[in-house]
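Going line by line, the protein sequences match chains A and B.
So in the working numbering the end of the first sequence lands on 201, straight run, no missing numbers.
So in the working numbering the end of the second sequence lands on 1315, straight run, no missing numbers.
None of these hints come from the bench; they were simulated from the model.
Even glycine gets a Cβ: it sits at the ideal position worked out from N, Cα and C.
Take the hints with a grain of salt, since some may be wrong.
As the list claims (entries may be wrong) - Below, in silico cross-link-like pairs of lysine-lysine (PhoX-like), each with a Cα-Cα straight-line distance of 20 angstroms or less:
1. K62(A) with K194(A)
2. K1123(B) with K1059(B)
3. K105(A) with K1072(B)
4. K1053(B) with K1123(B)
5. K1092(B) with K1072(B)
6. K166(A) with K1059(B)
7. K1123(B) with K105(A)
8. K1176(B) with K1255(B)
9. K109(A) with K1072(B)
10. K1255(B) with K167(A)
11. K1111(B) with K1241(B)
12. K109(A) with K1291(B)
13. K1072(B) with K1053(B)
14. K1280(B) with K105(A)
15. K1114(B) with K1291(B)
16. K1059(B) with K1111(B)
17. K1111(B) with K1165(B)
18. K1241(B) with K1163(B)
19. K1255(B) with K166(A)
Unchecked claim - Some chain B residues flagged as far from chain A (calculated, every beta-carbon gap over 10 angstroms):
20. P1056
21. K1087
22. E1129
23. V1137
24. E1138
25. P1145
26. L1172
27. V1185
28. L1186
29. R1275
30. S1277
31. R1282
32. Y1306
33. M1309
Claimed, not checked - Listed below are several chain A residues computed to face chain B (Cβ distance under 7 angstroms; list not exhaustive):
34. A33
35. N34
36. F97
37. R110
38. D168
39. K196
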Amino acid sequence: MKRLPFFKALVFLACLIPLMRLVWFAFNDQLGANPIEFITRSLGTWTLTFLLITLTATPLRKLTSWQWPLRLRRMFGLFAFFYVCLHFTTYIWLDQFFDLHAIYKDVLKRPFITVGFANFLLLIPLAITSTNKMVKRLGGRNWLRLHRLIYLIAIGGVVHYWWLVKKDITQPAIYAAVLMVLLGYRVMAAARRKVKASHAV
Amino acid sequence: MLIKKPFDIPSSEITDQTCYLKRREFIKHAGLALASVAVGASMPIREALAAVKLGPGRKSAFSTSEALTPYKDVTTYNNFYEFGTDKDEPAKLATNFVTRPWTVSVEGEVKRPKVYDIDELLKLVPLEERIYRLRCVEGWSMVIPWEGFPLNELIKRVEPTGKAKYVEFHTLHDPKRMPGQRSAVLDWPYVEGLRLDEAMHPLTLLAVGLYGEVLPNQNGAPVRLVVPWKYGFKSAKSIVKIRFVEQPPVSAWMKANAREYGFYSNVNPEVDHPRWSQAKERRIGEFLKRKTLMFNGYGDQVAQMYSGMDLRKNF
């Protein structure tokens, strides 16, 4: 565990690869015919991927009794926030070019954008309260309660993707399946705890 | 009106077998180059296709003078679900698609039904160059120089009967050759339809090429429809059957989702797709979105066909 800072730095750099890939593509004319769409989609799917990675930490910790998943969890969560910020900025800036009227209409009228926007807003308090100080200030129990929002956000993320796709739902279905496994694990674990508790009585 | 000068293109000039095979080789190499170098692959593709030039088609008054979308974008970013649902997949998965022999059966409510060989179809009338805007239902657009001839030239030859009210277009259904058809993403075969007057409209084109060259496989070779005032998906690709019918056809997209895709599917900035806005579009190659025009800017030519119709209901 002494080597964790080094390991952590390595994972941090790895988490930047999706961004560096886009930068590389941009400078080498590899973003395709519709670069803005490519960038938006890529940042969106990476946000979702980091949300799922974040949700993998707890089951992995429990199944393996490794310590590092939990110690990296905050970083993964913050990377999800980092990519959603870029995703949102791309939409506001590159896609809509600050056409506030169009954005306003989009958010209200397009269910997939409504869900995506709500998700973005919900992630903000989680990012703000991610520091050790904030955990102390809120108290562990409250902090935990607040951060359970991640389940809702992850579901919303998959729905956002699902509703955006024209017809072929293969990709969002894969994300949905992974999320179901991750959430399913928690439901089962909670059920088992209940059974154990009732036995204890 | 344009005066038609009959001139004959020998079929060998269009689809010489050796050239044809060479072309696929070239494209394979281009594909490899794309995979390894991943930059500037458009040059080998252009060179490969230069072997199957259609020759300069006659200019048309219907052409727009807007800047053309680059050849590379037209041929590497498009929807053709028969070759995958991603827009870069058709260019990759259609390279080995063989379009000879190929026949187009023109049938149904016509006095002279006929199975046309593709080479016969190519010689039916002199080819024209038509530079059209193409607006995809997804919100992007291009300007493409098609090579082809008005569909009404074919329709006149088969003489529709009084019962012919609509025209149905069927894309080839062959999952062995079209890998996208191995998944049930749409109810194959791909079917599209037009009202007879829409099919007869001089803007409605049967395209056999683009950029002066034989139509690339990924763009609907060997023959496809181009209906520039409707969303792109109305323009059926790789057509094997044109059927004249009395009842309105049910298209593949209507079957897939009738709430989202109607029979007419005219480009209309005021009628949104249930899940996204149609008010604006991104012209491929441009940064800022531009306003989408009613009937994709072809209102002067086509609006009268829909006078008195509620275009919100008949979307």
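Results for each hint:
no., hint, verdict
1, K62(A) with K194(A), "holds (17 angstroms)"
2, K1123(B) with K1059(B), "holds (17 angstroms)"
3, K105(A) with K1072(B), "violated (34 angstroms)"
4, K1053(B) with K1123(B), "holds (15 angstroms)"
5, K1092(B) with K1072(B), "holds (13 angstroms)"
6, K166(A) with K1059(B), "violated (36 angstroms)"
7, K1123(B) with K105(A), "violated (51 angstroms)"
8, K1176(B) with K1255(B), "violated (23 angstroms)"
9, K109(A) with K1072(B), "violated (35 angstroms)"
10, K1255(B) with K167(A), "holds (12 angstroms)"
11, K1111(B) with K1241(B), "holds (16 angstroms)"
12, K109(A) with K1291(B), "holds (19 angstroms)"
13, K1072(B) with K1053(B), "holds (17 angstroms)"
14, K1280(B) with K105(A), "holds (13 angstroms)"
15, K1114(B) with K1291(B), "violated (43 angstroms)"
16, K1059(B) with K1111(B), "violated (32 angstroms)"
17, K1111(B) with K1165(B), "holds (14 angstroms)"
18, K1241(B) with K1163(B), "holds (18 angstroms)"
19, K1255(B) with K166(A), "holds (14 angstroms)"
20, P1056, "holds (26 angstroms)"
21, K1087, "violated (8 angstroms)"
22, E1129, "holds (22 angstroms)"
23, V1137, "violated (8 angstroms)"
24, E1138, "violated (7 angstroms)"
25, P1145, "holds (16 angstroms)"
26, L1172, "holds (19 angstroms)"
27, V1185, "violated (5 angstroms)"
28, L1186, "violated (7 angstroms)"
29, R1275, "violated (6 angstroms)"
30, S1277, "violated (7 angstroms)"
31, R1282, "violated (7 angstroms)"
32, Y1306, "holds (25 angstroms)"
33, M1309, "holds (25 angstroms)"
34, A33, "holds (3 angstroms)"
35, N34, "holds (6 angstroms)"
36, F97, "holds (6 angstroms)"
37, R110, "holds (6 angstroms)"
38, D168, "holds (4 angstroms)"
39, K196, "violated (45 angstroms)"
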